[in-house]
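Enquirer: Each chain, written out:
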Amino acid sequence: EDQVTQSPEALRLQEGESSSLNCSYTVSGLRGLFWYRQDPGKGPEFLFTLYSAGEEKEKERLKATLTKKESFLHITAPKPEDSATYLCAVQGSGANSKLTFGKGITLSVRP
Amino acid sequence: ETGVTQTPRHLVMGMTNKKSLKCEQHLGHNAMYWYKQSAKKPLELMFVYSLEERVENNSVPSRFSPECPNSSHLFLHLHTLQPEDSALYLCASSQEKPQGGSPLHFGNGTRLTVT
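Heads up: the sequence lines are chains S and D, in that order.
The first sequence maps to residues 1 to 111 in the working numbering.
The second sequence maps to residues 1001 to 1115 in the working numbering.
Hints were generated in silico from the structure; no laboratory data involved.
One thing to keep in mind: the hints can contain errors.
[As the list claims (entries may be wrong)] Subject to a maximum C-alpha distance of 25 Å in a straight line, what follows is the list of computed DSS-like cross-link-like pairs (lysine-lysine):
1. D:1097 x S:98
2. S:42 x D:1041
3. D:1022 x S:42
4. S:63 x S:42
5. D:1041 x D:1022
6. S:59 x S:79
7. S:69 x S:98
8. D:1036 x S:98
Input sequences plus hints: build the corresponding full structure.
Expert: Structure (structure tokens):
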């Protein structure tokens, strides 16, 4: 069974204080690993898809990386508007594979 | 309107009521999903439709009944719910079939409270 574990559960940063969010996973053949951002009262918003170990993607202050066991979402010089819950999900390559989500990491950035 | 829209945004219902949640996607996608989101839990997949055919029914109680009349619309019919069914219900769509690996696009959800 595919599994996704995100850590820490919550993270509080000062504005400008860079850090990383972790997503550890086990899956029988990776089709894709996805990062989403969810603001309070809204649905998750797609950020990145990573397909193979070594791949990296960037968007503004966010950079996602992937190894065979985990993915990191690096946040460089965060701003208060980066405060949100960040969700990680994996899709296996099996014919009947499902998308498996983690519980999410709640990030709070203080001005 | 673009993206995935859900109505209503908030719903309070008694245990004996019947209500429906509506979802509409304006992205031309081929698959649509219902997810349940409860506090401190991962998103739970409830139902999947691909090209209007139900392809996933994730052991959901029969008090939840989905309907997909066409590739742009998805409904979730609710009846005789329990208080533990209170949650955020999210609709999503994807370009490819569920195993295709394309990302999901979510609506903003319906916050359901069962009293």
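Enquirer: Each hint: holds or not?
Expert: Cross-check of the supplied hints:
1. For the suggested pair residue 1097 of chain D and residue 98 of chain S, the alpha carbons sit about 11 Å apart, so the restraint of at most 25 Å is met.
2. For the suggested pair residue 42 of chain S and residue 1041 of chain D, the alpha carbons sit about 16 Å apart, so the restraint of at most 25 Å is met.
3. Restraint check for residue 1022 of chain D and residue 42 of chain S: satisfied, since their Cα atoms lie roughly 16 Å apart, inside the 25 Å limit.
4. Our distance criterion of 25 Å between C-alpha atoms is met by residue 63 of chain S and residue 42 of chain S, whose separation comes to about 23 Å.
5. Note on residue 1041 of chain D and residue 1022 of chain D: the hinted pairing holds, with a Cα-Cα distance of about 23 Å set against a maximum of 25 Å.
6. Our distance criterion of 25 Å between C-alpha atoms is met by residue 59 of chain S and residue 79 of chain S, whose separation comes to about 14 Å.
7. Distance check on the hinted pair: residue 69 of chain S and residue 98 of chain S sit about 18 Å apart at the alpha-carbon level, within 25 Å; holds.
8. Only pairs whose Cα atoms come within 25 Å are accepted, and residue 1036 of chain D paired with residue 98 of chain S is accepted, the gap being roughly 15 Å.
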